[in-house]
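Hey, can you work out the whole structure from these sequences and the hints?
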Amino acid sequence: MKAVIINGSPKAQDSASELIAAYLQARLAQAADCSVCHAARYSRDEIMRAFTGCNALIFVFPLYVDGIPSHLLRLLDEIQNSVADVASGAAVYCVVNNGFYEAHQNAVALELMGNFCVRSGLRWGQGLGVGAGGMIAAAPIGRGPLKNLGKALDALAENIRNNKTADNLFVKPNFPKFLYNAAAHMSFRAQARKYGLKTKQLYDKPRQ
Amino acid sequence: MSGALILHDLQQSEAEQFLPKDTAKYSLFAAAPAVRHCMGCFRCWFKTPGRCVIDDRAADFVALMSKHEELIFLSRLVFGGLSPDIKAVLDRSIGFVLPFFRKLNAETHHVPRFDISPLYKYIFYGPEITDREKETAKKLAVANALNLGSGRCFVSFFSSSREGMEALT
Ligand SMILES: Cc1cc2nc3c(=O)[nH]c(=O)nc-3n(C[C@H](O)[C@H](O)[C@H](O)COP(=O)(O)O)c2cc1C
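From first to last, the protein sequence lines stand for chains A and B. For the first sequence, the positions run 1 to 208 when the numbering used here is used. For the second sequence, the positions run 1 to 169 when the numbering used here is used.
Hints listed in this document are in silico derivations from the structure and should not be mistaken for laboratory results. Hints should not be assumed to be uniformly reliable.
[Said to hold, decoys possible] Just so you have them, the derived chain B footprint on chain A, three or more residues with Cβ under 8 angstroms:
id, stretch
1, 99-112
2, 116-129
3, 190-203
Since this is a predicted model, take the numbers as computed values, not measurements. Even for Gly, the Cβ is constructed at its ideal location relative to N, Cα and C.
Pasting the structure below:
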């Protein structure tokens, strides 16, 4: 089988999406010809070429303003009428990760992707919502705080290999919300320091 | 702070013809031609708070938002959500809220940067909008309004941009 993973994070590197994409690619490597395309770096034509003959299209992206990042949305909008011609019968799988702890905040983005499938005539495979995205770089996927994420991605990879449709899954992190929120706030202060700002200055109002 | 800010994705000729010209009541912001997309660097939170570091016209959008009590999205409906042009402006505008978290309806959301709680109006247009897409759009508006510091939103659908604009005034 042939599958393509689209990394829909606009970050050039070190994104949670990149880690998830790499994990999935490794899980699929034996059974499938599976490549990863970084949507922000590939042209629409290159991506359509990569999609040609695929059985599975896998979109891995961050939640942006409760939806799909604009560069990926633009791609989907542009290919909705032609993608089924090059990948007829392909199933679409999605992994959306977000910055807040609650995985279910990704539900609307999965619905948007489901509507893309209907418009483009592709088949919906399965969606995964992953909360607490800030933790994904903190440990190897499948271990400790990311144990449930590993399990969910393994199940997803299994469904992709078997060309199966399954219910959407929302991954519960293996650490409590208060801990995640405390770590997030610590990282905010650290990032401000990196740019020479005091925490107080993060509240500044921009001038026009 | 007064009036409504209209973020729209119309072509210039159409906008000039149909959008309200009462500048005391409405400010306009054209999402087309497309602005550059967000790079995910968060420098609008940590380096230049409230302003995107990509130096094009979208960088001023947060400051503009803060001066209005109503924000109107006039957008082609795409998969039950905003169009790519509108979304590009919005992704560049998360500096409208602070990085810090707060709890609302048992969920995490951001603390507002400004002391305002705008009304968000979504005017979606497009031929052959499906019921399923309408349902998605309503959920999206509720989620956006919460994350953008206000519980108030209003969603409507029209078969053409022109009808949507006429409903505005
Ligand atoms: C423009 C922008 C908008 C975002 N909107 C949301 C949001 O609506 N809800 C949320 O939980 N996280 C939001 N986030 C946080 C990202 O989803 C989170 O940082 C994610 O882990 C990034 O994934 P990546 O590293 O794969 O790009 C947003 C981030 C950016 C840059």
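Enumerated hints in conflict with the structure, sorted upward: none
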